[in-house]
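Once you've looked at the hints, dock chain B against the given chain A.
Order-wise, the sequence lines are chains A and B. Using our numbering, read the first sequence as starting at 6 and increasing by one per residue. Using our numbering, read the second sequence as starting at 6 and increasing by one per residue.
Some hints here could point you the wrong way.
[What the hints assert, rightly or not] The list that follows gives simulated cross-link-like pairs (lysine to any residue, SDA-like), each with its CA atoms no further than 20 Å apart:
#1 A:Lys31 - B:Arg37
#2 B:Lys31 - A:Thr112
#3 A:Lys35 - B:Arg37
#4 A:Lys104 - B:Cys212
#5 B:Lys184 - B:Cys212
#6 A:Lys139 - B:Gln360
[Said to hold, decoys possible] Between beta-carbon pairs, the in silico distance windows are:
#7 B:Val200 - A:Asp395: 54 to 64 Å
#8 B:Lys199 - A:Thr156: 51 to 61 Å
#9 B:Glu388 - A:Ala34: 38 to 48 Å
#10 A:Trp412 - B:Gly201: 53 to 63 Å
#11 A:Arg384 - B:Tyr164: 38 to 48 Å
#12 A:Asp395 - B:Lys237: 35 to 45 Å
#13 A:Asn389 - B:Lys278: 39 to 49 Å
#14 A:Asn362 - B:Lys278: 47 to 57 Å
No wet-lab data here; the hints were simulated from the structure. Computed from a prediction, not measured in an experiment: that's the story for all the values here. Think of the CB as a built atom: it goes at the ideal place given N, C-alpha and C, for glycine as much as any other residue.
Protein chains: 2
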Amino acid sequence: MTEKKEWQPPRGTRDYLPKEMATRNKVFAKMRRVFELYGYGEVSTPAFEDFDLLAAKSGPEIEEEIYAFEDKGKRKLGLRFDPTVPICRIVASNPSLTKPIRFYYITNMWRYDRPQAGRYREFWQAGLELIGAKGANADAEILGVANDLLTSVTDKEFYFRISSRKIIEEIAERAGIPKSKREGAFRAIDKLDKVGEDDVRGELERCGVTAKVSDKFFDLIKKQDADIGELKEIKEAAEKMGVKNIEIDLSIVRGIDYYTGFVFETLVRGSEKLGSVCSGGRYDSLIGLYGGGDLPATGFGLGIDRLLDIIGYDEDYYPTRIFVAAVNDEVRDVAVKITRILREEGISAETDLMQRNLRKQFEYINARGIPFAVIIGPREVEENKIVLRDMATGKEDKICLKDIKEWL
Amino acid sequence: MTEKKEWQPPRGTRDYLPKEMATRNKVFAKMRRVFELYGYGEVSTPAFEDFDLLAAKSGPEIEEEIYAFEDKGKRKLGLRFDPTVPICRIVASNPSLTKPIRFYYITNMWRYDRPQAGRYREFWQAGLELIGAKGANADAEILGVANDLLTSVTDKEFYFRISSRKIIEEIAERAGIPKSKREGAFRAIDKLDKVGEDDVRGELERCGVTAKVSDKFFDLIKKQDADIGELKEIKEAAEKMGVKNIEIDLSIVRGIDYYTGFVFETLVRGSEKLGSVCSGGRYDSLIGLYGGGDLPATGFGLGIDRLLDIIGYDEDYYPTRIFVAAVNDEVRDVAVKITRILREEGISAETDLMQRNLRKQFEYINARGIPFAVIIGPREVEENKIVLRDMATGKEDKICLKDIKEWL
Numbered sequence: 006m007t008e009k010k011e012w013q014p015p016r017g018t019r020d021y022l023p024k025e026m027a028t029r030n031k032v033f034a035k036m037r038r039v040f041e042l043y044g045y046g047e048v049s050t051p052a053f054e055d056f057d058l059l060a061a062k063s064g065p066e067i068e069e070e071i072y073a074f075e076d077k078g079k080r081k082l083g084l085r086f087d088p089t090v091p092i093c094r095i096v097a098s099n100p101s102l103t104k105p106i107r108f109y110y111i112t113n114m115w116r117y118d119r120p121q122a123g124r125y126r127e128f129w130q131a132g133l134e135l136i137g138a139k140g141a142n143a144d145a146e147i148l149g150v151a152n153d154l155l156t157s158v159t160d161k162e163f164y165f166r167i168s169s170r171k172i173i174e175e176i177a178e179r180a181g182i183p184k185s186k187r188e189g190a191f192r193a194i195d196k197l198d199k200v201g202e203d204d205v206r207g208e209l210e211r212c213g214v215t216a217k218v219s220d221k222f223f224d225l226i227k228k229q230d231a232d233i234g235e236l237k238e239i240k241e242a243a244e245k246m247g248v249k250n251i252e253i254d255l256s257i258v259r260g261i262d263y264y265t266g267f268v269f270e271t272l273v274r275g276s277e278k279l280g281s282v283c284s285g286g287r288y289d290s291l292i293g294l295y296g297g298g299d300l301p302a303t304g305f306g307l308g309i310d311r312l313l314d315i316i317g318y319d320e321d322y323y324p325t326r327i328f329v330a331a332v333n334d335e336v337r338d339v340a341v342k343i344t345r346i347l348r349e350e351g352i353s354a355e356t357d358l359m360q361r362n363l364r365k366q367f368e369y370i371n372a373r374g375i376p377f378a379v380i381i382g383p384r385e386v387e388e389n390k391i392v393l394r395d396m397a398t399g400k401e402d403k404i405c406l407k408d409i410k411e412w413l
Numbered sequence: 006m007t008e009k010k011e012w013q014p015p016r017g018t019r020d021y022l023p024k025e026m027a028t029r030n031k032v033f034a035k036m037r038r039v040f041e042l043y044g045y046g047e048v049s050t051p052a053f054e055d056f057d058l059l060a061a062k063s064g065p066e067i068e069e070e071i072y073a074f075e076d077k078g079k080r081k082l083g084l085r086f087d088p089t090v091p092i093c094r095i096v097a098s099n100p101s102l103t104k105p106i107r108f109y110y111i112t113n114m115w116r117y118d119r120p121q122a123g124r125y126r127e128f129w130q131a132g133l134e135l136i137g138a139k140g141a142n143a144d145a146e147i148l149g150v151a152n153d154l155l156t157s158v159t160d161k162e163f164y165f166r167i168s169s170r171k172i173i174e175e176i177a178e179r180a181g182i183p184k185s186k187r188e189g190a191f192r193a194i195d196k197l198d199k200v201g202e203d204d205v206r207g208e209l210e211r212c213g214v215t216a217k218v219s220d221k222f223f224d225l226i227k228k229q230d231a232d233i234g235e236l237k238e239i240k241e242a243a244e245k246m247g248v249k250n251i252e253i254d255l256s257i258v259r260g261i262d263y264y265t266g267f268v269f270e271t272l273v274r275g276s277e278k279l280g281s282v283c284s285g286g287r288y289d290s291l292i293g294l295y296g297g298g299d300l301p302a303t304g305f306g307l308g309i310d311r312l313l314d315i316i317g318y319d320e321d322y323y324p325t326r327i328f329v330a331a332v333n334d335e336v337r338d339v340a341v342k343i344t345r346i347l348r349e350e351g352i353s354a355e356t357d358l359m360q361r362n363l364r365k366q367f368e369y370i371n372a373r374g375i376p377f378a379v380i381i382g383p384r385e386v387e388e389n390k391i392v393l394r395d396m397a398t399g400k401e402d403k404i405c406l407k408d409i410k411e412w413l
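Okay, chain A solo, but in the shape it has when bound:
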């Protein structure tokens, strides 16, 4: 049955091969460094959670996107769609944790979403949660981390757009959007960048918001006709931490229901159409919902897949630096021994496992793009030397093995 089928990764998912992983691992290492400079410690939670936990505060659009299943004990489970909910579970069930709690994560998650450019059903995020601290300095700190994370991995110019759910709620109130229609209305407004104002107005109308109310709402937002003192304070605090690229923009609402105040997005200058690469905000009621007592909290997630598409991958990564080629079968054992010594010296090395002759071994070296070859023949064994060839220049030197590091 399986003989003829061409197997692929499931729709909306993908494999990462060594070239992509080399870039991803480099990016992750830089990010870990930044998180830890700010005192954040990494956490890792199971891939699946009780479905009820995930659904409790995700909002109807996201609930539909959860990969849900029953285990063989009839427990209803779901794949993590977001790392914030499991982290709130940890905090709620460990009330003795010292505050503020600074947790970060670098992990995959899953949403049954329509696959599209830069969007996957399995996707990776790095992010943090700062729990127990309220006030402008806490929100400013997470902008500081986001700023340093992005600066550490890309030269692209990016900027933050900050807003506040609380202020938008007030504007919605003044514009006359009824409370019952606000969650739907905010999800519509969240798509402003992607679909434009006309489409958002259409969706608002379908949510039961009249054109007149929409007019008033957009007018107030554009004029920033509201008390934005809270946002100015965050902006100033973040500037003291070295974040210079912040714009206050009340059209930012974020589509997730659990935000209660400050929210932000991060755009790449000139590539705004890509959408936000790093987004988050304050969610002061979520932990209480999971039984932990109310705790102020703020955090963000940074989409790794989109970020890597922007950064681009390294060319042709292959870890081996030296291939030890054996001229004939008699010296293969010596090649094995020299390969082992090179590894002990911390140099990535390999030798032939395919019973290839010397010509085929060099075809392999070229196919892989391995930068150096050590050539072992009977004469070299006798002289206790090796021939080192620089594959880029073709230059060969007969040297002592112990001196090899000087030649690489």
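Leaving out everything else, chain B in the frame of chain A:
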């Protein structure tokens, strides 16, 4: 509804908090280094695959353990229970990959297993696949990598037990175990270490193997009454690569159906009851099964959870090295600035976000075990100096910020 419930990770899974993650990340970094010294490149595959792909060669016991579900497009999917199958999918659908292929992985996977000490339903493995190479040197190479991996992370004495499915098949033939009963019989024998010979004999009887046949089988295995030339060759080749701790033991069969020849286990001397920490073998028919044409292949997986239990976790990890304490509210802005400068110097630092007074700030420093405090007061600001306190000794020095690295 969610207010009162005490939320936990799903049964058989667990959270990793920063202390555990710090140890795990250190172990992973060392392992990546070893894999790459041997020329292996990391790959990462989706958490779920087509169920049919997973089930094709897993054997009935494992198939029962797969977390299976339908996505909303009615595709039958399953969570990865093993990384070898997805890697075979990649290789089968990319016939142009240069051989030998050296892939490694460090990833989580899932089995709906009875939870027990050291066994989880979500568990982590590091491992490799060496694809395209046959012969003793290839099998010896993977023992070399396993040996270096374990040596890089633990001082415990461990040893390899190697065997061969082919040889055991021959012994089963000679003992008179019929072909149709062998898969069940091998899974029974695989439990020898855990349950002892009597229980294995009982299970063999239930599989339809008579006591007389069992007697003969165990007799042949114990006497190593078979042609074990293939295993001697692997042992010698591995010894040339520096692996000294290999025992030939024909009672090792491994419970997975896809092995075709060489198999091995790794035990910690004196802790054999823990079971194997690193196991694998040769599977020359699996890639052909996924449509890639037959390719010889050998590989292993190393259980991270069990390994970390053996190694033990670092004590009380917290990333921050310096807490910048503000004596009063007037100097908080200076504390923010100094914290920022410390981070720019590559020193993990934080300052108060909780509006705590100086005494409370020091309670926090002690609760966290942060090793150094910088104390900022109006006089220090005036003198352009900082007070650095070593929290272990209580010793304080008034220094210039630019000299701080000399004092840590």
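Hint-by-hint comparison with the structure:
Under the criterion of a C-alpha separation no larger than 20 Å, the hint pairing A:Lys31 with B:Arg37 is consistent with the structure, at around 12 Å. Restraint check for B:Lys31 and A:Thr112: the C-alpha separation of about 17 Å stays at or below 20 Å, so the hint holds. Distance check on the hinted pair: A:Lys35 and B:Arg37 sit about 16 Å apart at the alpha-carbon level, within 20 Å; holds. Of the pairs offered as hints, the one joining A:Lys104 and B:Cys212 is violated, with about 58 Å between alpha carbons and a cut-off of 20 Å exceeded.
Between the alpha carbons of B:Lys184 and B:Cys212 the distance comes to roughly 12 Å, so the proposed pair stays at or under 20 Å and holds. A C-alpha spacing of about 10 Å is found between A:Lys139 and B:Gln360, which places the hinted pair at or below 20 Å, so the restraint holds. The given range of 54 to 64 Å is respected by B:Val200 and A:Asp395, whose C-beta atoms sit roughly 58 Å from each other. Checked against the hint of 51 to 61 Å, the C-beta distance between B:Lys199 and A:Thr156 comes to roughly 53 Å, which is consistent with it.
At about 39 Å, the beta-carbon gap between B:Glu388 and A:Ala34 stays in the expected band of 38 to 48 Å. As the Cβ distance of A:Trp412 to B:Gly201 is approximately 57 Å, the hint placing it in 53 to 63 Å holds. The given range of 38 to 48 Å is respected by A:Arg384 and B:Tyr164, whose C-beta atoms sit roughly 39 Å from each other. A hinted range of 35 to 45 Å for the beta carbons of A:Asp395 and B:Lys237 is consistent with their spacing of about 40 Å.
Taken as a hint, the range 39 to 49 Å holds for the pair A:Asn389 and B:Lys278, whose Cβ atoms sit roughly 48 Å apart. Judged by the Cβ atoms, the range 47 to 57 Å given for A:Asn362 and B:Lys278 holds: they are separated by roughly 49 Å.
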